[in-house]
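Since the structure of chain A is provided, determine the placement of chains B, C and D on it from the hints.
Residues per chain are reported as follows:
Number of protein chains: 4
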Amino acid sequence: MRKPYFRTEAGQPDPLRYKVKRRVRFEEVDPLQIVWHGRYPSYFEDARVALCEKFGIGYLTLYNNGILAPIKKMHIDYHLPLKFQDEFEIDALLHWSEAARINMEFVITHNGDIASSGYTVQLMLDYDQNLFMLKPHFYKDFCDRWKAGEFE
Amino acid sequence: MRKPYFRTEAGQPDPLRYKVKRRVRFEEVDPLQIVWHGRYPSYFEDARVALCEKFGIGYLTLYNNGILAPIKKMHIDYHLPLKFQDEFEIDALLHWSEAARINMEFVITHNGDIASSGYTVQLMLDYDQNLFMLKPHFYKDFCDRWKAGEFE
Amino acid sequence: MRKPYFRTEAGQPDPLRYKVKRRVRFEEVDPLQIVWHGRYPSYFEDARVALCEKFGIGYLTLYNNGILAPIKKMHIDYHLPLKFQDEFEIDALLHWSEAARINMEFVITHNGDIASSGYTVQLMLDYDQNLFMLKPHFYKDFCDRWKAGEFE
Amino acid sequence: MRKPYFRTEAGQPDPLRYKVKRRVRFEEVDPLQIVWHGRYPSYFEDARVALCEKFGIGYLTLYNNGILAPIKKMHIDYHLPLKFQDEFEIDALLHWSEAARINMEFVITHNGDIASSGYTVQLMLDYDQNLFMLKPHFYKDFCDRWKAGEFE
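Chains as they are written, first to last, in numbering that gives the first Met the number 0: chain A, 0 to 151; chain B, 0 to 151; chain C, 0 to 151; chain D, 0 to 151.
Okay, chain A solo, but in the shape it has when bound (with noise of 0.2 angstroms):
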């Protein structure tokens, strides 16, 4: 059983998620045979944008609202490696925070079983670099909008 990387507390609304499909890269693939454990953040990152896009908080879309939002932490998890060709799912969670912070967590499955999961914690930061303390305005107008679930 996974430990939840994040939990969502009572009141806070559910995850919002997005689901991207991928296959195995020749060039991912390391002489071991499998998916070099340092292509992950990439798989991550399919995800991260499309699940952006989709909700409207991609990152030229946060850039134009004079907001930057670079990546504090990542994890990974490696649970069963990934071959060339492989086909799999990256699913991504956007977990409500009541901070500046966008937490997101991503499974990766194949053929249904779970092949790797992690999470990166996004800050936010002004064009001087110095750190929003509480949710810049066009990142509260989504969450309110979020939270108003007109994303379910």
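In case anyone wonders, no lab produced these hints; they're calculated from the structure.
All residues carry an ideal CB built from backbone N, CA and C; glycine is no exception.
Misleading hints may appear alongside valid ones.
What the hints assert, rightly or not - No more than 30 angstroms apart at the CA atoms, straight line, and that leaves these computed lysine-lysine pairs for DSS-like: (1) K82(A) / K72(C); (2) K72(A) / K20(B); (3) K71(D) / K72(C); (4) K71(D) / K2(C).
Stated by the list, open to error - Calculated from the model, a selection of chain B residues having no Cβ within reach of chain D, i.e. all distances over 12 angstroms: (5) K71; (6) S96; (7) F150.
Same frame as chain A, now just chains B, C and D:
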């Protein structure tokens, strides 16, 4: 103050350390002019490979002794960004473990500041992908020499 | 007007074609906000792998028939840059060759414009790294079926 | 005998050269145990960046003088494969050109054998993406010093 990723208990030998120097390459930098977060596994690996080589437990040596050591877990904390052509050091620390695991910590410094830190945990498998529950012979020998102070 | 990379002589079958669609990923973009030139081999490979798969000469199929097909030569012409999230198509064309070679041309288009083009040449080796001077049996069969119009 | 990629005409200065040393990293190796062909642009770039830096025409220096120098063309010939931890040298040669172009040749050697060779051609653009038809001021100065033998 950084929390330690691993603890050394009383009676256990100190971590083995090795440091490599690197410089940020153009292709490692993202559109925001900082090193893309997904390049750090490769920075960690540069130091991991060098440390293992130095102490006689390189990937090919393990392999030739019947041991595969895939990454089971990776964690990265990002403190300060790196930019194009920044020179930095990657300090790898192999922490003692009673279990059949390779627990390694990484600290990346730039101009004396910690830019990033993290760790990896490796399991050991035989050629048939069976998990070693106890340290395999070759790795146990290495640990005995470590404990005997041979690497100080 | 682009010069052709390969010429089809009279009596030779037309190139086999296959097209894949891709979208520029964040990590492929460099500090100048365009796709780093060194990512294009991976774009070409996406189309190469898909074409070979489609026509039954995928990397693993060749391998299982005793054939390695390493890249001997690669050429890329850059016409227009690609940017983050640009959608583009990679058109791969397998050109007929009398020799034991895999000659493939690539054309990357974005919004109907040619963004990039190029080619790769692959040789064929047996497991002992000996060069096939004549098409090996399995690949010759494939070529016979191609010439017979089986793939039209 | 390798055909030359560029020719130096009578009266033109000799190429400027710079050599860097590298070692094959684990992640650069593919399932066939050789360096994946698509890693070589990054090897070439290591030598290109070092040569340009050495002679005062580094990417940032050009940029600060109003010049972008995107790759227009890249060609790679693969002679012998490289394997994990192979040590190799990348020799970069900047060839003289009367045009506003940066023509660079690369030769990768391993144990004295040529493993790979190739070239890149770079154009020069101003910040508005207009092509410089003549060498821009800053680059012309550099060429004059080169012709005057200042770098010998």
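In terms of Cβ atoms, is chain D entirely out of 12 angstroms range of S96(B)? Check passes; 22 angstroms lies beyond 12 angstroms.
12 angstroms cut-off, C-beta based - K71(B) kept clear of every residue in chain D: holds, 17 angstroms
Is K72(A) close enough to K20(B), meaning Cα to Cα at most 30 angstroms? Holds, at about 23 angstroms.
Check whether the Cα positions of K71(D) and K72(C) lie no farther apart than 30 angstroms. Given pair K71(D), K72(C) holds - Cα atoms ~17 angstroms apart, limit 30 angstroms.
Take a quick look at whether K71(D) and K2(C) sit within 30 angstroms of each other, Cα to Cα. Status holds; Cα separation ~15 angstroms.
12 angstroms Cβ clearance of F150(B) from chain D: holds, 21 angstroms
Take the C-alpha atoms of K82(A) and K72(C), compute the straight-line distance between them, and say whether it is at most 30 angstroms. Status holds; Cα separation ~27 angstroms.
Violated hints: none; the structure is consistent with every hint.
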